[in-house]
Amino acid sequence: MAGVDVGGGGKGKRRTLDSEINMIPFIDLLMVTISFLLITAVWSHMSRINADAQVPGPPRPDVEQEKVPPEKILHVEMRTPEKFTLVWKQGAQVVNSIEVPRKDDLKEDKGKKLVRYPDLAAKIADEWKNTGSHRDASDRKLDQAVLHTDNDTAYVYIIGVIDAIYGTHRPLTLPSGKTEDVPAFNVTFAVN
Amino acid sequence: MPIGQPSRRLMHFVPLHFVQEKATGGGRRSTNAGLSLTSMIDFLIVVVVFLLMTFSASGETPPSKGLQLPKAENTIDMIDAPMVAINGSQILVDGAAAGNTHAIEDNKRLQRIDELFNILKGKREVWKQLHPGKDFPGVVVLQVDQDVPAVVVKSTFQTAAFAGYPNVSFMVDQLPKSGH
Chain B
1 MAGVDVGGGG KGKRRTLDSE INMIPFIDLL MVTISFLLIT AVWSHMSRIN
51 ADAQVPGPPR PDVEQEKVPP EKILHVEMRT PEKFTLVWKQ GAQVVNSIEV
101 PRKDDLKEDK GKKLVRYPDL AAKIADEWKN TGSHRDASDR KLDQAVLHTD
151 NDTAYVYIIG VIDAIYGTHR PLTLPSGKTE DVPAFNVTFA VN
Chain X
1 MPIGQPSRRL MHFVPLHFVQ EKATGGGRRS TNAGLSLTSM IDFLIVVVVF
51 LLMTFSASGE TPPSKGLQLP KAENTIDMID APMVAINGSQ ILVDGAAAGN
101 THAIEDNKRL QRIDELFNIL KGKREVWKQL HPGKDFPGVV VLQVDQDVPA
151 VVVKSTFQTA AFAGYPNVSF MVDQLPKSGH
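So the sequence lines, in the order shown, correspond to chains B and X.
Take the first sequence: its position 173, counted from the start at 1, is 173 in the working numbering, and no numbers get skipped.
Take the second sequence: its position 93, counted from the start at 1, is 93 in the working numbering, and no numbers get skipped.
Just chain X, with the same shape it has in the complex (with noise of 0.2 Å):
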């Protein structure tokens, strides 16, 4: 069969007269209605370039489930770094448990974390066979929920620089710059 040149086609395999007058027109409003696609495109750019103008390549770190983190204005952008959350009494670094707070929280003193302190020292050593000759930058970012008293900061933070990770980050919600 050889390719024709489209055209209008509706209802033409009916063999009565008025069903085709009907579907071409018939000297009435065609059926046939032209769409215009320059309003649609107009808007498709507006939202391509509003999604390219927020897209973000250098991904994000969603912080632990259930974990509320406070705000800060005076901000900067996070790292790849071992991540260190602290939610309720739980302890996980990326995502694997490091023990718990209860010692901390019940004799309200600061204290080394066994466990957490074994894990960072083992990530330390590791990146040190991976990386020779290259300077550890010792940087760890906690993420610990907005109502975690000081002295669990604390213990956490003190753990991570015996580990050798005496730069730490504290994981916030970004807030926007209100200028200076």
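Bound-form chain B, shown alone (with noise of 0.2 Å):
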């Protein structure tokens, strides 16, 4: 028992070939692998999405400060129940403005919501794909998009909003050669 036969009978007077290997350490390390790998198990997977506040960094008056032309960034509104409003700015003139539709697609899975805006996706992707400043894979820099909120609204709808703006990938060519698929912008969540 627990072994494993490796080979027939032997001929004439010689030592027989038939021996078997002792399976027993085998299954001992099989079920000491299983025991570590069970208890070390991660069964919930957190993650998360980055935002950042936009806060300038310290003064540095040994250093000359380059004057270079505001870039294009996109306000991601959500300001009432109806709509939300895209607005494209350059420094503080108004590029472009379009409002789309606001659709709660709201699922809750024990408790969890999940919050999905597919249109508003659609559309991210599609502004950024007009007007869009980085969309060359060599350029590593990334588009700018800002959340604007009101005061009341859940917590649950703004990971909602952020999810969708971070739903527009593009490629981006690595140092080493290789390209990958990365979010298109940079999240910025407004405290105003």
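Since the hints were made in silico from the structure, they are not lab data.
Since this is a predicted model, take the numbers as computed values, not measurements.
Even glycine gets a Cβ: it sits at the ideal position worked out from N, Cα and C.
Keep in mind that a hint or two might mislead.
[What the hints assert, rightly or not] Derived DEER-like restraints, expressed as beta-carbon distance ranges:
{"no.": "1", "chain 1": "X", "residue 1": "Lys108", "chain 2": "B", "residue 2": "Gln90", "range": "31 to 41 Å"}
{"no.": "2", "chain 1": "B", "residue 1": "Val95", "chain 2": "X", "residue 2": "Asp106", "range": "35 to 45 Å"}
{"no.": "3", "chain 1": "B", "residue 1": "Gln90", "chain 2": "X", "residue 2": "Val126", "range": "35 to 45 Å"}
With the hints as a guide, bring both chains together as one complex.
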């Protein structure tokens, strides 16, 4: 028992070739490995969604400031329950503005809510294709999107909109020559 | 006592002929049955392969008790950073109490949370002392309950930014990607 036969019988008076590999240490090893992996297993996968506060850095009087023209920034406004407003701004100048009807696709599973905005995600992708500044794969900079909300919106809806903004992807060529898919926007959460 | 080759020993001590005949089979089916281990080993190997594929070496940060995180699809991996949890009206930094949101909820106005600010500022100073000459990453992870109003999230976000943590990440429950 607990062995594997590795050959037929011997011929004549020579030593028999019929031997067995002891499988017990092998089974023990498998059992210990399974126990370790089960104990350390993670069944819930947490991850994160990035947003920055766009706080200016400390002033550097020793470094001469370069005058660069302001970039186009997409402002996503969710201030009413009926619509989103997408506004492209370059500095204080409004380049383009459109409205997208707000349809909250809310799903609940075991108390955890998921909000999706497929129409908004599609519109943002279209807008980026038409107006985005950093569309080339060799361009390492990302376009900027700023999310504005009212004070009463529940957190889950904010996450839904940030998720929709990050849904637009573009290729990015890495220094190694490889190309990978990255979000087209970097999201800033406006607190005002 | 010399070491002998293992063989059938069952009931051998009983000095009765019919018992020994029964124990050794006695021309009938033997009581010593061999167990096929091939299927068992196959099963164990499949389980080990599955568990190895789902193994995560980076560890996992469990969300605070009683906190329901929203789900999201376009996410990135967790990082090691101070964890600010907003559960109901209580604020926790790495599990330790750091104020509450009563004043914000009552006034419905954006305001700085002083206790949170002081704790985060202290953590920043400790990091700078431990890593001299290195740039401070300024990353903080927010664990926020899905029903918390935006004014509380904004106040926490702003407080973290003022304390030197402008890169804020929102912890979410990862949803499998549907593909593009």
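Hints, one by one, checked against the model:
1. Lys108(X) x Gln90(B): 31 to 41 Å: Holds: the Cβ-Cβ distance is about 33 Å, inside 31 to 41 Å.
2. Val95(B) x Asp106(X): 35 to 45 Å: Given a distance of about 40 Å, which is inside 35 to 45 Å, the answer is holds.
3. Gln90(B) x Val126(X): 35 to 45 Å: 41 Å, holds
This entry satisfies every hint, going by the numbered hints stated previously.
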